[in-house]
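Undergrad: What follows is the residue order along each chain.
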Amino acid sequence: MDKNMNILVVDDFSTMRRIVKNLLTEIGFNNIVEADDGKTALPILEGGGIDFLVTDWNMPGMPGIDLLKAVRADPKLSSLPVLMVTAEAKREQIMEAAQAGVNGYVVKPFTADTLKEKVDKVFERLEG
Amino acid sequence: MQNATNAAVSCDTALSENLKQAKALVRHLEAGDIDQADLVINELCVSRENGIFQDLGKLTRELHETINDIGSEARLQDIMHNEMPDAKHNLNHVIELTEDAANQTLTAIENSSPLLDNLSERATYLQRLLQGHMKKLTKNNELSFIEEELEGFLDKVNTDIKHINKDMNTILMAQGYQDLSGQIIQRVSKMVQDVEHNLIAILKVNSYSSNDNKVTDDSKNRTGYGPAVPGIKNDDVMNSQDDVDDLLSTLGF
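Going line by line, the protein sequences match chains A and B.
The numbers in the working numbering rise by one with no breaks, and the one at position 8 of the first sequence is 8.
The numbers in the working numbering rise by one with no breaks, and the one at position 33 of the second sequence is 33.
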C-alpha cells in the first residue's frame with residue numbers, strides 16, 4: 001500500500017470529511033482531497049491522479065451509489081478502488097453497492113480500527 | 001335518536017317497495033312477459049343508482065365542510081404560517097450549532113495532536129541521550145537519583161501520551177454524531193416541508209371553494225397588496241365606494 005497515493009474523500013458533512021481525513025492521516029496517508037457530493041467529486045476523478053475513493057452514500061446532488069456506478073462505467077476510472085463509508089445499512093443497499101463493484105463498505109457510526117481494517121483489506125485484496 | 005327512527009322508517013319503505021318490485025318481476029317472468037320484466041329490472045337499477053348518487057353527494061358535502069373547517073381553523077393557520085417555517089429554521093439552526101461544536105472540537109484535536117507527537121519524540125530522544133551520556137556523568141552517586149527521576153518521568157510521559165492519544169481518538173470519532181444526527185434532522189426537516197406543502201394544497205382547495213375562509217397573509221395585510229389588478233379575480237376586493245360603504249354599514253358605521 002503506497003502511503004503517497006492520492007485519496008478523494010466525499011461526504012456532504014464537513015465534520016465527517018475531517019474525521020475520515022484525520023484517520024487516514026493517522027494511518028500515514030497525507031495526500032487527501034475532499035468533495036461534498038458526487039457531482040463535485042466526478043470532475044476531480046475525471047481530472048485524473050486519484051488512487052483511492054472514499055465516499056458517503058446519502059448526499060444531495062449525486063449520491064455515492066451513483067458516483068460508484070459512474071466510476072465503474074468510465075473506462076479510465078473503472079478499476080479505481082472505492083470504499084463506501086455510510087449510514088445506509090439496508091440489506092438491499094449493501095447488495096446494490098456490492099453488485100455495482102464497491103471494494104469495501106463501512107457503516108456509520110464506525111471506529112477508527114474498523115476504518116483502518118477495511119482500508120487495509122481493500123488494498124490486500126487488490127495486491128493479493 | 002330521531003334520525004335513527006327516520007332512517008329505519010325510510011329503510012322499511014325502501015324494503016317494501018323492493019319486495020313489491022321483486023314479486024312483479026317473478027310474475028312477469030312466469031307469464032313470459034320479458035319486456036315488462038326488463039322494465040322492473042331497470043326500475044330496480046335506477047333506485048339503486050339514486051342511492052349511490054345520494055351517498056356520494058352527502059360524502060362530498062361532508063368533505064367540503066371538513067376542508068372549510070380546516071381552513072378556518074386559526075390554530076392551523078398559525079401552525080402553517082409561523083410554526084412550520086420556524087420549525088424548519090430551528091432544525092437548521094441545530095445542524096449549524098452541532099456542526100460548529102464538532103468543528104471546534106476537531107480543530108482542537110488537530111492542533112493538539114502534533115504537539116503531543118512532538119512531546120513524545122522529545123521524550124524518546126532524551127531517554128536515549130540519558131542512556132548514552134548520563135551514565136558516564138552519574139558515576140558520581142550523588143547525582144544518580146536525578147537520572148532515576150528523569151528516566152521515570154520520560155517513561156511516564158510516553159505512556160501518558162499514548163493514553164491521551166487514545167482518548168483524543170475517541171473524541172475525534174465521537175464527532176461523527178454530527179453527521180448522523182444531521183442526516184436525521186434533515187429528514188425531519190424535509191417531512192415538515194412536505195406537510196407544509198400538503199397543508200397549503202388543502203387550504204388552496206378551500207380558498208377556491210369558499211371566499212369566507214380565504215387564507216390571508218398577515219404580513220401582506222400589514223404591508224399592503226397594492227392596487228387591484230383588472231383580470232385578476234379577487235372577491236375580497238371591493239369594486240366601488242358603494243361596496244365599501246355597504247360593508248362599513250354592516251359593521252355599524
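Hints are computed from structural coordinates only; laboratory data are not their basis.
Every residue, glycine too, gets a C-beta built ideally from N, C-alpha and C.
Be careful, since some hints might not be right.
Claimed, not checked - Calculated lysine to aspartate or glutamate pairs in the EDC-like style (CA-CA distance at most 20 Å, straight line):
hint : chain 1 : residue 1 : chain 2 : residue 2
1    : A       : 21        : B       : 35
2    : A       : 21        : B       : 117
3    : B       : 162       : A       : 26
4    : B       : 162       : A       : 113
5    : A       : 108       : B       : 117
6    : A       : 21        : B       : 62
7    : B       : 166       : B       : 117
8    : A       : 116       : B       : 55
9    : B       : 166       : A       : 26
10   : B       : 190       : A       : 113
11   : A       : 121       : A       : 46
12   : B       : 166       : A       : 88
13   : A       : 116       : B       : 99
14   : B       : 166       : A       : 117
15   : A       : 21        : B       : 110
16   : A       : 21        : B       : 100
Claimed, not checked - Selected chain A positions facing chain B (in silico; Cβ < 10 Å):
hint : residue
17   : 92
18   : 108
19   : 110
Unchecked claim - Quick list of the computed label-pair ranges, beta carbon to beta carbon:
hint : chain 1 : residue 1 : chain 2 : residue 2 : range
20   : B       : 96        : A       : 128       : 30 to 38 Å
21   : A       : 116       : B       : 114       : 16 to 24 Å
22   : B       : 128       : A       : 124       : 30 to 38 Å
23   : A       : 51        : B       : 97        : 31 to 39 Å
24   : B       : 160       : A       : 124       : 28 to 36 Å
25   : B       : 125       : A       : 116       : 39 to 47 Å
Undergrad: Determine for every hint whether it applies to the structure shown.
TA: Structure-based check of each hint:
As the CA atoms of residue 21/A and residue 35/B are separated by approximately 88 Å, the hinted pair breaks the 20 Å bound. Under the criterion of a C-alpha separation no larger than 20 Å, the hint pairing residue 21/A with residue 117/B is consistent with the structure, at around 18 Å. Taken as a hint, the residue 162/B and residue 26/A pair is honoured in the structure, with Cα atoms around 14 Å apart against an allowance of 20 Å. Between residue 162/B and residue 113/A, the direct Cα distance comes to roughly 16 Å. Compliance with the 20 Å bound is thereby established for this hinted pair.
For the hint pairing residue 108/A with residue 117/B, the CA-to-CA distance comes to about 28 Å; that exceeds 20 Å, so the pair is violated. Between residue 21/A and residue 62/B the alpha-carbon distance is near 60 Å, which puts this suggested pair outside the 20 Å criterion. At roughly 13 Å between alpha-carbon atoms, residue 166/B and residue 117/B fall within 20 Å of each other, so this suggested pair holds. Between residue 116/A and residue 55/B the alpha-carbon distance is near 68 Å, which puts this suggested pair outside the 20 Å criterion.
A hinted pair counts as satisfied when its Cα atoms are at most 20 Å apart, and residue 166/B with residue 26/A qualifies at roughly 12 Å. For the given pair, residue 190/B sits about 34 Å from residue 113/A by alpha-carbon distance, which is inconsistent with the 20 Å threshold. The hinted pair formed by residue 121/A and residue 46/A fails the criterion: a straight-line CA distance of about 25 Å is larger than 20 Å. Annotation: proposed proximity of residue 166/B to residue 88/A is violated, straight-line Cα distance about 28 Å (limit 20 Å).
Only pairs whose Cα atoms come within 20 Å are accepted, and residue 116/A paired with residue 99/B is rejected, the gap being roughly 25 Å. A C-alpha spacing of about 17 Å is found between residue 166/B and residue 117/A, which places the hinted pair at or below 20 Å, so the restraint holds. Taken as a hint, the residue 21/A and residue 110/B pair is honoured in the structure, with Cα atoms around 11 Å apart against an allowance of 20 Å. With a CA separation close to 18 Å, the supplied pair residue 21/A and residue 100/B stays within the 20 Å bound.
The restraint placing residue 92/A at the interface with chain B is violated, with a minimum CB-CB distance near 19 Å, outside the 10 Å limit. Using the Cβ-Cβ criterion of 10 Å, the hint placing residue 108/A at the interface with chain B is satisfied: the shortest such distance is roughly 6 Å. With its C-beta approaching chain B no nearer than about 7 Å, residue 110/A sits inside the 10 Å limit, and its interface hint holds. Evaluation of the 30 to 38 Å hint for residue 96/B and residue 128/A yields a failure: the beta carbon distance comes to about 45 Å.
A beta carbon spacing of about 20 Å between residue 116/A and residue 114/B agrees with the range 16 to 24 Å that was offered as a hint. Take residue 128/B and residue 124/A: their Cβ atoms lie about 35 Å apart, and the range 30 to 38 Å holds. Distance hint for residue 51/A and residue 97/B: a CB-CB separation of about 37 Å, consistent with the stated range 31 to 39 Å. Here the CB-CB span from residue 160/B to residue 124/A is close to 34 Å, well matched to the stated 28 to 36 Å.
About 28 Å separates the C-beta atoms of residue 125/B and residue 116/A, a value inconsistent with the hinted range of 39 to 47 Å.
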